[in-house]
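Student: Put chain B on the given structure of chain A with help from the hints.
Protein chains: 2
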Amino acid sequence: MQHFSINNLGDPFIESNYGVHSRQFEVGVLDWFACLWELEKNEYWGYITNCGTEGNLHGILVGREVFPDGILYASKESHYSVFKAARMYRMGCVKVETLISGEIDCADFEKKLMQNKDKPAIINVNIGTTVKGAVDDLDLVIKTLEGCGFKDRFYIHCDGALFGLMMPFVKRAPKVSFKKPIGSVSVSGHKFVGCPMPCGVQITRLEHINALSSNVEYLASRDATIMGSRNGHAPIFLWYTLNRKGYCGFQKEVQKCLRNAHYLKDRLKEAGIGAMLNELSSTVVFERPKDEEFVRRWQLACEGNIAHVVVMPNVTIEKLDSFLSELVQMRSGWYGEEKGKPPCIAKDVGTDNCLCGSHDK
Amino acid sequence: MQHFSINNLGDPFIESNYGVHSRQFEVGVLDWFACLWELEKNEYWGYITNCGTEGNLHGILVGREVFPDGILYASKESHYSVFKAARMYRMGCVKVETLISGEIDCADFEKKLMQNKDKPAIINVNIGTTVKGAVDDLDLVIKTLEGCGFKDRFYIHCDGALFGLMMPFVKRAPKVSFKKPIGSVSVSGHKFVGCPMPCGVQITRLEHINALSSNVEYLASRDATIMGSRNGHAPIFLWYTLNRKGYCGFQKEVQKCLRNAHYLKDRLKEAGIGAMLNELSSTVVFERPKDEEFVRRWQLACEGNIAHVVVMPNVTIEKLDSFLSELVQMRSGWYGEEKGKPPCIAKDVGTDNCLCGSHDK
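Chains A and B are the protein sequences, given in the same order. For our numbering, count along the first sequence from 1 and bump the result up by 822. For our numbering, count along the second sequence from 1 and bump the result up by 822.
Simulated from the structure, these hints should not be mistaken for lab results. The C-beta atom is built at its ideal place from N, Cα and C for all residues, glycine as well. Worth double-checking, as some hints may not be accurate.
What the hints assert, rightly or not - Facing chain B, according to a computed beta carbon distance under 10 Å, are these residues of chain A, among others:
#1 L831
#2 F835
#3 T871
#4 L879
#5 E887
#6 Y911
#7 M913
#8 G914
#9 A929
#10 K1001
#11 H1012
#12 I1048
#13 M1049
#14 R1052
#15 N1053
#16 H1055
What the hints assert, rightly or not - What the simulated footprint calls covered on chain B by chain A, stretch by stretch (three residues with Cβ under 8 Å from a Cβ of chain A suffice, anywhere in the stretch; the number is not a length):
#17 875–888
#18 1049–1059
#19 1099–1113
Claimed, not checked - Below, in silico cross-link-like pairs of lysine to aspartate or glutamate (DMTMM-like), each with a Cα-Cα straight-line distance of 25 Å or less:
#20 A:K1163 / A:E1101
#21 A:K917 / B:E887
#22 A:K917 / B:D927
#23 A:K898 / B:E887
#24 A:K898 / B:D833
#25 B:K917 / A:E887
#26 B:K1169 / B:E1101
#27 A:K1002 / A:E1125
#28 B:K997 / B:E919
#29 A:K965 / A:E1029
#30 B:K1001 / B:D961
#31 B:K1141 / B:E1159
#32 A:K1141 / A:D1088
#33 A:K993 / A:E860
#34 A:K898 / B:D1045
#35 B:K1161 / B:E1114
#36 B:K898 / A:D927
#37 B:K917 / A:D1045
#38 A:K1091 / A:E1029
#39 A:K965 / A:E887
#40 B:K917 / B:D927
Okay, chain A solo, but in the shape it has when bound:
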């Protein structure tokens, strides 16, 4: 397949004169996601992006076009591309505090909304933050907006980077759905689905894109995507994987990931290592290993005193066991009478999850 130069140019729903494309696959994948997020076939627009960042750039741009004087609100644990978008697009941007879990703090959100009552709100809602895998409470965000008098004056973009695809398969998880007043959802395709090249899926309401396209500047291009040329291999890979695994296959994989993530968190805590796992997440946050070589070898992402592991379908119990036993063994050499205590991570994971000297009662 890599012998063919496959290029999806511009809007997937508008024919192009370049013949070697994979638009049928692209539209097939988009249909699947529109259905997952409950938006009718004739009411959605979307495309397969080059990465999760492009999804955020697109969603926030659509929001700005719907509300040109809107202010962008995003929790401080949002992906950095959200803040980059605000600067690129010359939008006012307000950072909102987070709870210990990593979720947006809606009390702070309310306070900040009230300070900017005269301007519409564009909100980035995280369906799984980068570090803690925290899922913002979409329903509470909407309730807060409506309670503050923003009804019909807000646009919500859901950054579903990783969990946007997993959440629909988690029992009791609050639903990401276009039946709620949201404007767009994006997910990454190279994470949970395992596409070998970076890609993502972006779904939004057709009415927004139609409004954009009636605009002279956009009309000239008839191309509502951000990147003009798009990798044509990614849609074929995504389409194949979605069809091979099917809805049930994904459900099983998601359940396995969550089970294994719980296993990892429980075993870490049993070993006296502070750790946290959000209820709807497969991202285990724990005390940063002291040895940089260990961090590199296990490809751990670290920030301050914490590290995180995102438990994906390819991570087995055996692999977790070998990680755990190596960590426990090495860690016994890092701390001790003369070498000092492990770091306190209470401010990152809460006192209940911290097992440092002062919090492990």
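Tutor: What follows is chain B alone, placed relative to chain A:
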């Protein structure tokens, strides 16, 4: 190779904790282009983009960050991504007229500069326009800017989509070089180099990126790219091709393309079909074939009354001959006493190149 998920995250010159990347190849490719465009290794910054559009989005964004109140100037035959960028970035934008060749009309450019003397200028210079393959006269653009009193108050981005890579190999072609006061150059990697996935190369001055990065919002991410995740296969493919063909290999291919393009243009005109070929280009513009099925089968890009063929290294004389004989044969059935005359394309290609009834004297 496609079994590996290769992802180049963020800035190619800053280490990332994701281990499966191809940054060494990426930096190797960037070094090659920086050398081609005469910018020292310690003075450039760049990255391999997902497509030509990303290069334009990046170059124009850097220009805006250097001159926040700058006005964007671009000829009306510039790629649509340039005008999309202006809208995305909320920049003032002035369209400049073009000559028959498709080059920017510097008399009109001067007039428009003088109307906005108080604001710095950000200019998109085309090194090969999409339709006519026209190369804007970079030296004249710079002279016009300096003559209008814009010295040290302008930023030039060169959109080298296709010819940015071919031009250095064309004898007597004006040089794209960072020894001139330009800010950035971008090219596509999936066109002339033939990379099987869309990609591009973006090179800019390190000083501009350093200025960006000292800014708080950008500092948080330390990522001066537009897309965060980038396809890691593309740099390996580009690196391999550059090294396999070498400078001499490219030179030969470019010469072959130009020769074949001349052959096509001459044969078209001999057959009484209006056609134009810019001196530095391998894009042949000609009368649009009347039959849509013919257009689709030969994958011709059309606009109004003209079509164009970009003669790439894989296009042989044999292929051109079979195209020509089919076109000539079919065309004899399209026009005639009762069926009317071929369209006049003088306004697109000039009276010298038009061979319609009124201009073929």
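Student: For every hint, state whether the structure bears it out.
Tutor: Taking the hints in turn, this is what the structure says about them:
no. : hint              : in the structure
1   : L831              : 9 Å, holds
2   : F835              : 17 Å, violated
3   : T871              : 9 Å, holds
4   : L879              : 8 Å, holds
5   : E887              : 9 Å, holds
6   : Y911              : 6 Å, holds
7   : M913              : 9 Å, holds
8   : G914              : 12 Å, violated
9   : A929              : 24 Å, violated
10  : K1001             : 30 Å, violated
11  : H1012             : 6 Å, holds
12  : I1048             : 8 Å, holds
13  : M1049             : 5 Å, holds
14  : R1052             : 6 Å, holds
15  : N1053             : 5 Å, holds
16  : H1055             : 6 Å, holds
17  : 875–888           : holds (count 4)
18  : 1049–1059         : holds (count 7)
19  : 1099–1113         : violated (count 0)
20  : A:K1163 / A:E1101 : 29 Å, violated
21  : A:K917 / B:E887   : 22 Å, holds
22  : A:K917 / B:D927   : 46 Å, violated
23  : A:K898 / B:E887   : 24 Å, holds
24  : A:K898 / B:D833   : 22 Å, holds
25  : B:K917 / A:E887   : 22 Å, holds
26  : B:K1169 / B:E1101 : 19 Å, holds
27  : A:K1002 / A:E1125 : 34 Å, violated
28  : B:K997 / B:E919   : 23 Å, holds
29  : A:K965 / A:E1029  : 24 Å, holds
30  : B:K1001 / B:D961  : 12 Å, holds
31  : B:K1141 / B:E1159 : 31 Å, violated
32  : A:K1141 / A:D1088 : 15 Å, holds
33  : A:K993 / A:E860   : 17 Å, holds
34  : A:K898 / B:D1045  : 17 Å, holds
35  : B:K1161 / B:E1114 : 17 Å, holds
36  : B:K898 / A:D927   : 48 Å, violated
37  : B:K917 / A:D1045  : 19 Å, holds
38  : A:K1091 / A:E1029 : 49 Å, violated
39  : A:K965 / A:E887   : 23 Å, holds
40  : B:K917 / B:D927   : 11 Å, holds
Checked against the numbered hints given earlier, this structure breaks hints 2, 8, 9, 10, 19, 20, 22, 27, 31, 36 and 38; the rest are met.
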